[in-house]
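Protein sequences appear in the order of chains P and E. In terms of our numbering, the first sequence has 257 at position 257, counting the first letter as 1, and numbering is strictly consecutive. In terms of our numbering, the second sequence has 50 at position 50, counting the first letter as 1, and numbering is strictly consecutive.
It is worth saying that the hints were derived from the structure and are not from the lab. One should not assume that every hint holds.
[Stated by the list, open to error] So the derived list for chain P, only partly shown, Cβ under 7 Å to chain E, looks like this: (1) 196; (2) 256; (3) 485; (4) 488; (5) 525; (6) 531.
By construction, the Cβ of each residue, glycine as well, lies at the ideal position given by its N, Cα and C atoms.
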Amino acid sequence: MGRYPFNPVEKVRDLKELTDYSTRTYADKDAYLIMTGRDSYKGVTYRQFGKELTALANALMTRGWAGERMALVGENSYEWVLAYFSIVNTNSTAVPLDKELTAEELKAFVLRAKATVLFVSPSYAEEAQIILDAAPELRVVSLGDAFGPAMPLRELVDEGFALLARGEDRYTNLEIDRERPCAIMFTSGTTGASKGVLLCHRNFAADTVAACQMVLFKKEDLMLSLLPINHAYECVCGIFGPMLYGSTVAFCPGVKHLPDCLKMFRPTVMVLVPLYVETFHRRIWEKAKKEGKEGQLKMAIRLCNLAAIFGINLRDILLRQVREAFGGRLRLVVSGGAYMNPKLIKAYRDFGIVILHGYGATECSPIITAKFIGWRRDKSVGVPLPCCEVKIDQDGQILVRGESVFLDYLDDEEGTAEAFDGDWYKSGDLGYKDKDGFIYVTGRSKDMIVLKNGKNIMPEEIENLLQQSPLIAEVMVKEAPGDENGSDKLMAIIYPDPAKKEELGSALHSALQQEIDSVNKQLASFKQIRLFALRDTEFPKTTTRKIKRYQVIFGKGLSNV
Amino acid sequence: MFEKVKQIIEENVDCGNVKIVLETDLISDLQVNSLDLVELVCAFEVAFDIVVPEKDIRKLSKVSDIVAYLEKRVA
Chain P
1 MGRYPFNPVE KVRDLKELTD YSTRTYADKD AYLIMTGRDS YKGVTYRQFG
51 KELTALANAL MTRGWAGERM ALVGENSYEW VLAYFSIVNT NSTAVPLDKE
101 LTAEELKAFV LRAKATVLFV SPSYAEEAQI ILDAAPELRV VSLGDAFGPA
151 MPLRELVDEG FALLARGEDR YTNLEIDRER PCAIMFTSGT TGASKGVLLC
201 HRNFAADTVA ACQMVLFKKE DLMLSLLPIN HAYECVCGIF GPMLYGSTVA
251 FCPGVKHLPD CLKMFRPTVM VLVPLYVETF HRRIWEKAKK EGKEGQLKMA
301 IRLCNLAAIF GINLRDILLR QVREAFGGRL RLVVSGGAYM NPKLIKAYRD
351 FGIVILHGYG ATECSPIITA KFIGWRRDKS VGVPLPCCEV KIDQDGQILV
401 RGESVFLDYL DDEEGTAEAF DGDWYKSGDL GYKDKDGFIY VTGRSKDMIV
451 LKNGKNIMPE EIENLLQQSP LIAEVMVKEA PGDENGSDKL MAIIYPDPAK
501 KEELGSALHS ALQQEIDSVN KQLASFKQIR LFALRDTEFP KTTTRKIKRY
551 QVIFGKGLSN V
Chain E
1 MFEKVKQIIE ENVDCGNVKI VLETDLISDL QVNSLDLVEL VCAFEVAFDI
51 VVPEKDIRKL SKVSDIVAYL EKRVA
């Protein structure tokens with residue numbers, strides 16, 4: 001594989017160097033835009049962000065909190081980002097948690113991580129109280145206004161400014177330990193099946209720099225941060241990358257606010273998962289159909305593509321309405337987290353929007369492969385970033401090694417050992433490499449389910465809950481049948497207890513539905529079982545009595561689907 | 001309340017041949033995804049003049065959940 005003309009970027013070695021560099025280099029530019037109303041927002045410059053970060057970091061250090069593990073729960077916000085950097089940049093460990101989890105799930109992760117501080121947005125006050133009841137020593141900081149046991153973040157920032165005014169600054173010259181875990185990223189699930197991935201500054205810095213060497217953002221770019229910020233994907237692509245380039249990040253506080261945010265911020269870049277890409281595309285065509293403009297749109301696309309051959313850009317004129325749906329300025333969508341249908345990449349290209357679909361894993365901080373703008377192998381996920389190497393083993397599994405590969409799993413030596421083959425991380429994904437070094441992902445060899453909304457699910461967690469029902473002898477959870485773009489929901493395949501089946505007769509189906517409803521209540525929405533099917537025979541099993549998942553095919557030998 | 005909810009769903013979602021009843025699950029029966037669900041909830045917000053917090057949307061999967069939620073909120 002040849003070398004590519006990488007974009008020149010500052011080669012920061014840790015996240016403190018990243019914030020120091022960007023706050024110094026882009027001082028007067030807006031780093032963040034914060035929505036203050038349906039059509040109003042305020043900006044925070046890189047300089048202001050740097051000052052507030054220095055203040056907050058000093059407050060944490062002076063209070064003696066630095067070095068500890070601190071959990072974060074909340075919507076994408078300036079305060080979340082400020083808290084995150086104040087944690088990682090003081091040699092502490094951030095534990096970003098998925099706000100979609102239930103209170104019990106959040107509690108389990110906080111306890112497992114042994115977090116001593118919880119940064120939480122006021123909308124999760126109820127969950128914070130449940131966690132606090134189980135961990136009374138926990139210090140709770142609100143990412144907004146004060147509530148119940150939580151002191152507001154602003155108070156800590158002010159405390160830091162008071163320290164600085166007295167000349168007490170422990171942060172500015174602090175040396176970062178680049179090998180120490182700065183974040184614990186939990187994969188899905190609360191049982192032993194879930195993993196706490198330990199990532200260090202070196203991992204994040206290497207991945208961010210390498211991703212920016214390939215994916216060109218501009219200082220003038222405006223990125224809309226929409227995907228859950230607790231994921232390494234949104235952190236690196238949506239926060240760290242733009243920071244290295246001096247771009248501006250606008251926070252979308254939730255999907256409900258997306259139409260207002262697109263209209264108000266008019267983003268040029270978005271980081272998305274395939275579900276969003278697909279839904280936006282579907283809605284554009286539905287709207288065109290409803291307004292009787294389907295033929296007109298098809299014709300406009302043909303004309304634009306023809307004109308593009310001669311170097312003429314007609315998209316801004318003929319496809320103005322379509323482009324307005326994204327705010328009018330969107331030029332680039334970075335996509336990852338799940339399978340992307342190549343047809344959608346082409347469809348967006350027709351609209352004048354580039355989709356760069358890459359591949360990654362939390363364990364690799366997280367981006368592994370990417371493409372340059374202009375590369376067209378739509379079925380491929382691109383080539384490895386310059387910070388890592390990729391090879392395919394004899395079973396077709398994708399292996400990764402390099403600076404961005406994680407340290408180990410939290411309290412799980414066995415799991416860590418199993419995850420590596422020497423210094424190669426075994427991704428659990430199957431794929432191949434073409435003669436030019438492009439990587440293609442074809443499936444998974446590990447049990448984890450990846451849905452098109454980017455959510456990763458360990459089926460064992462849900463199976464263990466379902467297995468507690470006396471009606472269920474054996475169960476397997478897998479993705480429900482979807483469309484050509486994949487699936488966004490789960491199904492259970494159940495082998496019912498033969499005696500109960502006979503006893504209940506035709507009432508079995510509704511009794512099982514009740515059991516599933518009861519389990520669903522214990523699970524975050526994206527983990528809930530939406531369909532179930534029955535088997536008449538036991539599942540095929542290995543000699544160690546584990547279900548042979550890949551021999552279970554939907555529709556084969558199933559009834560009551 | 002059910003009739004009003006049913007009407008809004010039918011106006012905003014392609015229901016095909018699925019008959020809307022209290023037990024209908026928007027996600028498994030009507031193939032509504034998480035983004036579509038948010039859009040549907042926005043329609044309820046307008047119709048009932050309420051604001052549904054984003055975290056509450058995840059609890060609304062069955063028509064019966066929506067009816068119960070709206071009855072509580074509107075009251």
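- Item | Hints not upheld, ascending by number | 1 and 3
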